[in-house]
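Numbered per the numbering used here, the sequence shown finishes at 228, counting up by one with no gaps.
The reader is advised that the hints may include incorrect statements.
[Unchecked claim] With a straight-line cut-off of 25 Å between C-alpha atoms, the simulated DMTMM-like cross-links for lysine to aspartate or glutamate are:
1) 87 - 111
2) 87 - 50
3) 87 - 98
4) 87 - 144
5) 74 - 104
6) 74 - 111
7) 87 - 67
8) 87 - 57
9) 87 - 43
10) 87 - 68
11) 74 - 50
12) 87 - 146
13) 74 - 42
14) 87 - 42
15) 74 - 89
16) 87 - 155
Honestly, the hints are just simulated from the structure, not real lab data.
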Amino acid sequence: MSGAPEQNLLARALSRAGDAGEVDEMGTAILDAALARFEQFGLRRTSMEDVARAAKVARVTVYRRFATKNDLVEAVLMREMRRFLDVFTAAMDAVPGVGDRVAEGFLITLRYAQGHALSRRLMASEPEALLPFLTVDSGPILDVARRYLAGVLRSAEGIAPRAAERADATAETLIRLMLSFVLNPRSCVPLQDDDAAREYARRHLAPMIT
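Please model the complete structure; the sequences and the hints are all you need to start from.
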């Protein structure tokens, strides 16, 4: 796939994350197979025929549900985004205070990104397919993440009215910092230690909203 179609499909995937309905059992099997292939071989080296074989279905079955490879990649990315938001939401529900939400959200995002197999694969073998969406073309990611995180911050217990009013700007600042840590984890802060990562977030990030 070329760079431009990939940018378009990721933009659509992120803007629609959480809006898509449930996929049927066959669709789920195809998405599972596609994700496994993308993680092992990358985007460019995976064909629709490869996915069909991995899912143990006919090629026409894949095309009935996903008309193009771009559509299939988009569906995989949408599901991965929803999975992260599910993990993040569940964690935030157990952390009522705004300061603790910033600290725990920072840690969860950092660890999820570090452990995400597809992201690691693309960073290692096809960085040109991923890096634009996290840097110069990060608008779609930023928009979705900012709206979501601002809502999480506004719903935190004990947040001051003025802090709630500026939640969007604060959320964007936090996300831009988070992207920096994801892209370049080398730091004077021992972020490999969970407690140290939480303490960094409480000390340096939480004051922006509290």
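Here is how each hint holds up against the structure:
1. 87 - 111: With a Cα-Cα distance of about 36 Å, the restraint between residue 87 and residue 111 is violated, given a limit of 25 Å.
2. 87 - 50: Given that 25 Å is the threshold and the Cα spacing comes to 15 Å, the pair holds.
3. 87 - 98: 17 Å, holds
4. 87 - 144: Satisfied, since the Cα-Cα distance of roughly 17 Å is no more than 25 Å.
5. 74 - 104: Violated: residue 74 and residue 104 sit about 29 Å apart, past 25 Å.
6. 74 - 111: Violated. Residue 74 to residue 111 sits at ~39 Å, over the 25 Å cutoff.
7. 87 - 67: 10 Å, holds
8. 87 - 57: Holds. Residue 87 to residue 57 sits at ~15 Å (cutoff 25 Å).
9. 87 - 43: Distance ~19 Å between residue 87 and residue 43 Cα, so the pair holds.
10. 87 - 68: Given that 25 Å is the threshold and the Cα spacing comes to 11 Å, the pair holds.
11. 74 - 50: Given pair residue 74, residue 50 holds - Cα atoms ~11 Å apart, limit 25 Å.
12. 87 - 146: 18 Å, holds
13. 74 - 42: 16 Å, holds
14. 87 - 42: 19 Å, holds
15. 74 - 89: 19 Å, holds
16. 87 - 155: 21 Å, holds
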